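Participant: Residue numbers (the numbering used here), protein chains in the order written: chain A, 1 to 472; chain B, 1 to 356.
Treat the hints as calculated values from the structure; they're not laboratory data. All values reported here derive from a predicted model rather than from experimental measurement. There's no promise every hint is true.
[What the hints assert, rightly or not] With the Cβ distance kept under 7 Å, some of the chain A side facing chain B (calculated, not the full set): (1) 59; (2) 72; (3) 317; (4) 319; (5) 325; (6) 326; (7) 331; (8) 334; (9) 336.
[As the list claims (entries may be wrong)] Below, computed lysine-lysine pairings styled on DSS-like, alpha-carbon distance capped at 27 Å: (10) 18(A) to 137(A); (11) 389(A) to 114(A); (12) 240(B) to 109(B); (13) 243(A) to 155(A); (14) 109(B) to 70(A); (15) 61(A) to 109(B).
All C-beta atoms, glycine included, are put in the ideal place defined by N, C-alpha and C.
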Amino acid sequence: MAPRTDSGCRTPTNMAQKDLHRRLLHLFSPIVHFDSGELFFPVDLASTVAASSLWEVDFTKQPARTNRRKVAGQILRSELTSATRYHYTTVAGTGSITKRVDGKAVNQPAPLMKQVLQAYTDGTIAAELTMYGTVCKARDVPGATAVLGAGPVNKEVAYAIQEGLLLNYAFYFPYRNSPEFESEGDWSGVTLLLANTPTDQAQISKELNRFLPVLSCYYRKTVEGAPPSPYFVAGSDGFRRWKDVPRGHEASVGLDTHPHVYISRGRHNCRYRPGTANFPLSPSWSTRFSPDGIEDGGYAPGPSVNTLEGGGIEEFPWWGYALFPPFALLVACATGCEYPVQFDSSGVPSGYQDGEDRADASGYEAQPSAGGSSHPTSPANQATGPGAKSLSIRMRYVDLEDADLAAQWGYGGAWGGATKVQAPPAWEELETEVWGAYQGARRPILSAWFMWNLFLDRAFGCKGDPQLTRKP
Amino acid sequence: MSWTAVSDLRMTAYQGGRVIDATSFANHGDLLGKISPQQGYLGFQGDDAQVELVARDESLARFAALRVQALVRPQPITRRFNIAEGWMSFALVIESDGRLHGTVFDGHKWVGPDSGAARVPPNQWSRVTFEFDGVSIATLTLDGATVGTRLDMPVGMHQPRQVITIGHWPRGDHRYTFKGEIGHVRIERRDHQDVFMDAVETAFCKRRLSSAQVDARREMAYLFGTLSALERQALRDCAKAQYEEMARFIHELRGLGGRETVRLRQLGNALRAAWCCSLDIGAARDALTAYLRSVAGQPDTPERERFLDFVHRFIAISHRCERHGSPYDRMNALNAALFPELADFEMALIQLVEDL
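So that you can see chain B by itself, here it is in the shape it has in the complex:
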């Protein structure tokens, strides 16, 4: 799964009161309060000590999913310690009893997993991670081990307002601070672009392209170049909207429970294995149809109606960005030549629904 690092603070490069971000986004952190930069980490000594990343541009405002990783060495934990918090967006903290707690703000309250019985130990380095897929699942890890999970997270994310703050809560009083040291911090986002790139990667799957596919790809690239800026922007916006709709759709699907989540994942693995490893499109289609049959329910039952509703919605989402006319008709034909198996897949899906 692809992530885009939007700030990578290794705490090794400092300049003019700032810690330097290693990504190309240049989301450097302003060092504020009583804070001591060291090689590889920052010492948080005063209640006012904090690192502030100002959300200057889109790079910190495109979180559809989130991953925050940090190396921390807290002093004895006497109160809630803030590791990183995006204002009105997300937070990764150590609670006063040592539990790790990661949350996102759903517009009403902060929701997310905690580490239960697992505690962040004081006076030693720990690698902590909070990851939220933007759909329904959030996990916390402590030194690589999963220590907390929530499957019922709200879909989507609110973007950080103004700042992301490390070692303190954003622009607040000194209730939530950090005492100790914080080392390497990496903040990553996953948005619709990452999702599409993942899909592209799966689609091509390191295969050697046929000469027909190479030709199709070349012509596609040319045709894309003929689109106006307005048309390009409309397609970009549509792709984003399609992703968001898909995320909501999958959120609902997962709402059936953890088992459904696991089954979806197994289906994904089966499809990918069939697609990428065996190049056996038949096996992939079998995996899909077996899954669909298992959840389709009996004819003339509410389960069947729900199933058909889901399938029809899925197909509708799929067609959301479809365009016709010149040059789109030609592009569609080229896409079909580029991904003949995918076209086959959709036909199988529609056929299955008709057979049911």
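So that you can see chain A by itself, here it is in the shape it has in the complex:
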């Protein structure tokens, strides 16, 4: 049974189909590059759970209070499955920031980076570098219909959404650290849209060209707090045609099938090429927003008119109409249809300052493999000597028939104890603009993010197909 939010991504019950999914994921698994200054690398969830304690936040208290439900190493599978959004795991616990604001002490939760790093450096957590792969039927992913109805969609892409598969590769990092955002736990990933759905292994061997991806999506994140937090955005430049994606060779099929993914330092945004860029934290949707079919304006706030005309109907109690079932049609209309919809230029929240996002090509390179390296800061890895930059990263198929993995994948709480968002100095009064919350990273539903981003790209970003082919 797939987690409720992974619509279209169930594990096939048929073993041959499951093997087919596995093979596709291995065939297109990315080669992952990390910046030379990176401290944290994607790890397996099992070692994270084994080293974590489980906490629950009680938001009914002012200020919110946290209660430890399980000490480290004792979280049961059933407890992961039944966890709510108010639960979080942490390998380090949660610290607090005490500041004086207007003469008063204010305590705020804060993640503990040093402690998390220490746990991976001293061998307390024996992690294996891991990426998690899921396969989804594209047309069953929420939002697929909306994408196809959202205006001009490239024919290949439209066909692939109807007939193809989404391959999602997700990375879980123990920590995210950047000038504006810190969090224990951080998710990241890429998605590939395959042109078609193979029915058996032979098809892949014989007709691979029919099934190659048509589109890739490299996600980056904003610090917007909407669930799942943070936003995973592609922006107008996050989508790449497969032909434009730099790739590594796969000897078994004689083709370049492994996309390169460059992970930015600290923030873990995914990029298709290395470099340093003034990377917007907010989505870079083109502002060529088309009002056609979206917005007709004319809305201005003002005093409402609440006068019923026609005479005499005021003698009816309003609730009397609830008796009459077809009247609900008008209630539905009054609730949902009439509301004036207006969009800003992007259609999504914005307003955060840009940051410098660095993804260095001379850092680490992790080749997909059946087994992953240990965490690069760990004693085991350090033993190989300085300069060991070649890593391997395990591609783990999310087989939901595996009870442990299903529990980890379906865990509804946050991975990591606390989040600290820090405004850039330009926002002034820096010390009063630091705030934190118990809302670590939640597993991103990449397939849904893919559709949502593609929908926004179609609906707001461009006419025709310029964004998909444009060279950045």
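With chain A's structure known, arrange chain B on it following the hints.
Facilitator: Positioned in the frame of chain A, the structure of chain B alone reads:
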């Protein structure tokens, strides 16, 4: 769309340390701290300056949707300025960089749009508005122009606890205050009653009633008068629950994305135009069936199953408050005579689903 103003502080009438609310709810504001009442506005001078509206009764505890409008003239913005905040419910603030930010509390965190690149200018009057439909859409306007939108707001609202505070955060320290002047503030709510009244307005649509409808209306009014207080209260509660269920239903429908939201709105406009303007029930039904067919998917697909699930849920919600027996059977018959087109609509809907 109908709104009910629950506090209308024009800053022109003051009495005994209070600014007088012009609505019948008498939600006057207590002037606290270093604050100077002027004709048409209040000067916020000290960090403790604030206006507090105490939630004494149901009038400030029935927010299913919210609209806050204010005239503000902030001094140079050096920190977050609070315009209005319902404790643990909603907030309209100017962030330290001048962005306007409207949020509601979802029980976990504060969610809402900000104005992005648009900034509230210091030292001049601006009219700001934060509006949340209680379903999924929130907008911010600055001098009448939309400057921020969120389509993924959490459904429903938490009611303000104890107070709504203007120019300060509720009963907190002096981190979030306001420096400058605040003029006319109007706080409005939209609840299930407003929604029903809107629906009634659409249903009658200023039409001249036939003599049969006039008779039906008269008899209905009489029958309502025969209901016990308990029965009346049960129906009121049911209508509220029906609205809340409908809001959740529409929230889910809109979850498909912005385009679906727009399509729903277009459908609403088409229905209303057909209903109110042309009196052409056929056109309205065509608009509805065309929409439904466009979202119904193909037979034996998950899309079709989802669609049917939605339709069946809609019909179930519609029938939530249906009653039978005396005098309800007679009331149902009279309602059908009063709104024959609506009965026709539901038949069309059921027929369409059966045809699919």
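Participant: Next step is simple, just say for each hint if it's right about the structure.
Facilitator: Evaluation of the provided hints:
Taking 7 Å as the C-beta contact cut-off toward chain B, the hint placing residue 59(A) at the interface holds, the least distance being around 6 Å. Annotation: residue 72(A) was flagged as interfacial toward chain B, and the flag is violated, the nearest CB pair being 25 Å apart, outside 7 Å. Nearest Cβ of chain B to the Cβ of residue 317(A): about 6 Å, under the 7 Å cut. The hint holds. For residue 319(A), the interface hint holds, the least distance from its beta-carbon to any beta-carbon of chain B being 4 Å, beneath 7 Å.
For residue 325(A), the shortest C-beta to C-beta distance to chain B is roughly 4 Å, which falls under 7 Å, so the interface hint holds. The restraint placing residue 326(A) at the interface with chain B holds, with a minimum CB-CB distance near 4 Å, inside the 7 Å limit. Hint status for residue 331(A) relative to chain B: holds, with the closest Cβ pair at about 5 Å, below 7 Å. Checking residue 334(A) against chain B: minimum C-beta separation of about 4 Å stays under 7 Å; hint holds.
About 3 Å separates the beta-carbon of residue 336(A) from the nearest beta-carbon of chain B, less than 7 Å, and the hint is met. With a CA separation close to 13 Å, the supplied pair residue 18(A) and residue 137(A) stays within the 27 Å bound. About 23 Å separates the Cα atoms of residue 389(A) and residue 114(A), which keeps this hinted pair within 27 Å; it holds. Of the supplied pair hints, the one linking residue 240(B) and residue 109(B) holds, its CA atoms being roughly 26 Å apart against a limit of 27 Å.
For the given pair, residue 243(A) sits about 16 Å from residue 155(A) by alpha-carbon distance, which is consistent with the 27 Å threshold. For a cut-off of 27 Å, the pair hint linking residue 109(B) to residue 70(A) stands: about 25 Å separates their Cα positions. Our distance criterion of 27 Å between C-alpha atoms is met by residue 61(A) and residue 109(B), whose separation comes to about 14 Å.
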